[in-house]
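**Q** Assemble the whole structure, with the sequences as input and the hints as a guide.
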Amino acid sequence: IPVCCDEKFSLDIKRLEEKLKISRDKIYEKFFNKEFFCYMTGFIAGMPFLGDLEIELRAKRLETPRVKVPKGSVGLTEQFANVYTFESPGGWNIIGNTPSVIFDSSKESNPNLINPGDVITFEQITKDQYNNYNE
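Numbered according to the numbering used here, the sequence shown terminates at residue 135, and the numbering increases by one at each position without gaps.
To be clear, the hints were calculated from the coordinates, so they are not data collected in a lab. Backbone N, C-alpha and C define an ideal beta-carbon position, used for all residues, glycine too. Treat the hints with care, as some may be off.
Said to hold, decoys possible - Below, computed lysine-lysine pairings styled on DSSO-like, alpha-carbon distance capped at 27 Å:
| id | residue 1 | residue 2 |
| --- | --- | --- |
| 1 | K26 | K8 |
| 2 | K127 | K68 |
| 3 | K71 | K107 |
| 4 | K107 | K26 |
| 5 | K60 | K107 |
| 6 | K14 | K60 |
| 7 | K127 | K30 |
What the hints assert, rightly or not - Beta-carbon label-pair distances, calculated as ranges:
| id | residue 1 | residue 2 | range |
| --- | --- | --- | --- |
| 8 | E7 | K30 | 16 to 22 Å |
| 9 | F43 | P2 | 31 to 37 Å |
| 10 | N134 | V67 | 26 to 32 Å |
**A** And the structure:
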């Protein structure tokens, strides 16, 4: 799953650096060199709950959740990572955004790009790659 970690998208990277006491480069290195298992989808339609994060990346939710988290945001909390499939309120630590459509309700037989039991990886992309995705 492609993820752009440009400043525009990595809303909580500074918070994570402070809380985890490691650099953003180390956070991204650990995150992007990991296979994730999809335990379930839900809370928001198609939102994957992906685990398990390395101990060094585990952080609590935001003290005050955001009213709006942009669609495609990639977040971390405790042992899980997720992708917000719709704009919604949320309290996860946002480290990037994917241009991929993770949930598409028009695909009635299988609207989820990521399903329970899947093993996935994330790939870091540039802002230009993000902007040109699906063109």
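**Q** For each hint, tell me whether it holds in the structure or not.
**A** These are the hints, each one checked on the structure:
A threshold of 27 Å between alpha carbons decides the hint, and for K26 with K8 the separation of about 19 Å falls inside it, so the pair holds. Of the supplied pair hints, the one linking K127 and K68 holds, its CA atoms being roughly 22 Å apart against a limit of 27 Å. With a C-alpha separation of about 18 Å, the suggested pairing of K71 with K107 holds against the 27 Å cut-off. For the hint linking K107 to K26, the alpha-carbon distance of about 37 Å lies beyond 27 Å, and the restraint is violated.
As the CA atoms of K60 and K107 are separated by approximately 34 Å, the hinted pair breaks the 27 Å bound. Pair hint K14 plus K60 holds up; C-alpha atoms about 14 Å apart against a cutoff of 27 Å. Our distance criterion of 27 Å between C-alpha atoms is met by K127 and K30, whose separation comes to about 20 Å. Between E7 and K30, the C-beta spacing of about 20 Å keeps the proposed range 16 to 22 Å intact.
Range check, F43 to P2: Cβ separation about 23 Å, and the 31 to 37 Å hint is violated. The hint said 26 to 32 Å for the Cβ distance between N134 and V67, and at roughly 28 Å that hint holds.
When held up to the earlier numbered hints, the structure conflicts with 4, 5 and 9 and fits the remainder.
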